[in-house]
Amino acid sequence: MKEVEEKEEASVYQRVVLKNASPYHYLKVRLVLEDDSTRLSAVELKYFIITGLKSLYGEVGAALNFDVLKYDEDTLTAFLRVYSSLVKLWSSLTLLGSYQNQACAFRVLQVSRLNPLPKNM
Amino acid sequence: MAVFMDLNVPFLPDRSDLRSVVETAAHLGFSTIALNYVFEPTAKKKQEIPTPTPINELIDQLPMVQGRSRPIRVLNRLTVLMSDASHFRPNAPEYRCFDLLAVQPTSEKLFHAACMVYDIDIICVPMTEKLPFFFKRAPINGAIDRGVVFEVSYSAAIRDSTMRRYTIANAVSLMESCKGKSVILSSAAQKALELRGPYDVTNLALLFGLSDGDAKEAVSSTCRAALLHAETRRTASGIIYTTRSQREAPQGSEDGETPAAKRAKPT
Numbered sequence: 001m002k003e004v005e006e007k008e009e010a011s012v013y014q015r016v017v018l019k020n021a022s023p024y025h026y027l028k029v030r031l032v033l034e035d036d037s038t039r040l041s042a043v044e045l046k047y048f049i050i051t052g053l054k055s056l057y058g059e060v061g062a063a064l065n066f067d068v069l070k071y072d073e074d075t076l077t078a079f080l081r082v083y084s085s086l087v088k089l090w091s092s093l094t095l096l097g098s099y100q101n102q103a104c105a106f107r108v109l110q111v112s113r114l115n116p117l118p119k120n121m
Numbered sequence: 001m002a003v004f005m006d007l008n009v010p011f012l013p014d015r016s017d018l019r020s021v022v023e024t025a026a027h028l029g030f031s032t033i034a035l036n037y038v039f040e041p042t043a044k045k046k047q048e049i050p051t052p053t054p055i056n057e058l059i060d061q062l063p064m065v066q067g068r069s070r071p072i073r074v075l076n077r078l079t080v081l082m083s084d085a086s087h088f089r090p091n092a093p094e095y096r097c098f099d100l101l102a103v104q105p106t107s108e109k110l111f112h113a114a115c116m117v118y119d120i121d122i123i124c125v126p127m128t129e130k131l132p133f134f135f136k137r138a139p140i141n142g143a144i145d146r147g148v149v150f151e152v153s154y155s156a157a158i159r160d161s162t163m164r165r166y167t168i169a170n171a172v173s174l175m176e177s178c179k180g181k182s183v184i185l186s187s188a189a190q191k192a193l194e195l196r197g198p199y200d201v202t203n204l205a206l207l208f209g210l211s212d213g214d215a216k217e218a219v220s221s222t223c224r225a226a227l228l229h230a231e232t233r234r235t236a237s238g239i240i241y242t243t244r245s246q247r248e249a250p251q252g253s254e255d256g257e258t259p260a261a262k263r264a265k266p267t
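For the protein sequence lines, the chains are V and E, in the order given. For what it's worth, full-length UniProt numbering labels the leading residue of the first sequence as 1, then goes sequentially. For what it's worth, full-length UniProt numbering labels the leading residue of the second sequence as 1, then goes sequentially.
Simulated from the structure, these hints should not be mistaken for laboratory data. The C-beta atom is built at its ideal place from N, Cα and C for all residues, glycine as well. Do not rely on the hints blindly, as some may be mistaken.
[Claimed, not checked] Listing some non-contacts, in silico: residues in chain E with all C-beta distances to chain V over 12 Å: (1) 128; (2) 138; (3) 141; (4) 167; (5) 179; (6) 180; (7) 202; (8) 214.
[As the list claims (entries may be wrong)] Here are the simulated DSS-like cross-link-like pairs (lysine-lysine), alpha carbons at most 27 Å apart as the crow flies: (9) 88/V <-> 109/E; (10) 88/V <-> 179/E; (11) 88/V <-> 181/E; (12) 181/E <-> 216/E; (13) 46/V <-> 19/V; (14) 216/E <-> 179/E; (15) 130/E <-> 181/E; (16) 109/E <-> 136/E; (17) 216/E <-> 19/V; (18) 216/E <-> 191/E; (19) 191/E <-> 46/V; (20) 54/V <-> 70/V; (21) 88/V <-> 54/V; (22) 181/E <-> 46/V; (23) 109/E <-> 130/E; (24) 216/E <-> 88/V; (25) 28/V <-> 130/E; (26) 54/V <-> 191/E; (27) 28/V <-> 88/V; (28) 191/E <-> 28/V; (29) 109/E <-> 179/E; (30) 19/V <-> 54/V; (31) 54/V <-> 130/E.
[Unchecked claim] Per the computed footprint, the stretches of chain E lying under chain V, defined by three or more beta-carbons under 8 Å from a beta-carbon of chain V, are: (32) 187–199; (33) 204–211.
Working from the sequences, and respecting the hints, build out all of it.
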């Protein structure tokens, strides 16, 4: 699927269809925790996502190559990039339920095939 | 844009929890949700079917759906957990106040009866335990022809890892038997954090084995089909709606999923 779906906080839906996009998929996600004041570092976040992949897809899934491109600690928002299978990463993010015994949810804000960050990042 | 619906939000007795769940659902983009009252009849004593509390008592101001300019629509739904054929009484007057009727059968005979005969809209497939029976094509095709949809709820997969296996196993076997049609996905979220956005749920449907188009339909147009089926089921008894001005009480002929088997009920 070569489509871009955008959800913005300012309650406007936009749907832009692009062809010949790059092989990477970019995901903008936000982690919502029960206790708002918990902070994770970038390494902890990546480890948390790998744990989720492992519990859903096993060792093979945990070996999925993804990168955390940019991470904002205060709002717990991250840009992720995967090479091939977006479905695996996205479904394991959806099914992740708890972080250190508190309930959590990953809200996927934006999915794109083009790099949403400015060039110098 | 497609209209996304979540037709299984369990009714929580705590008002503030319920309000937070509804607000989260509106924020995520669901245009309609249905508050689910679960009724489990036991053979020992006669229990009252719970009556739904009116929406304006529960929540004062319905939140706006993100991306549209309307407030979220909240409906009432009843789920009857059936372990015996006498638990579901057709045409009981208490069922009138609910917009949607659902049944959760626990045995193969009940499943067959629910697919072919019972006057319901949704059949819940239980996700929290291993199914004691296998799905057969014949009753499922009968149910699809009648317009009954099958429901898969995904929040058990978020809570517990054993539940995750059962959820995926049951969902995959259902998809194989019904070929991906007439399935709706819904959360049975008990907290606001257990809800997932509509595109996330569409992705989960891909995991269960649906194709891309079917997966999105499972969250949007099949849900709408179930709602329309419920409306025609209610008006066929002769009740005339006074709230809608654009159409009068149809005899169930305005949309395609009207069940053909609307025979006269023995009174």
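Quiz prompt | Hint numbers not upheld by this structure, sorted from lowest to highest | solution = Hints 4, 7, 9, 13, 22, 25, 30 are the ones this structure does not satisfy, whereas the remaining hints hold.
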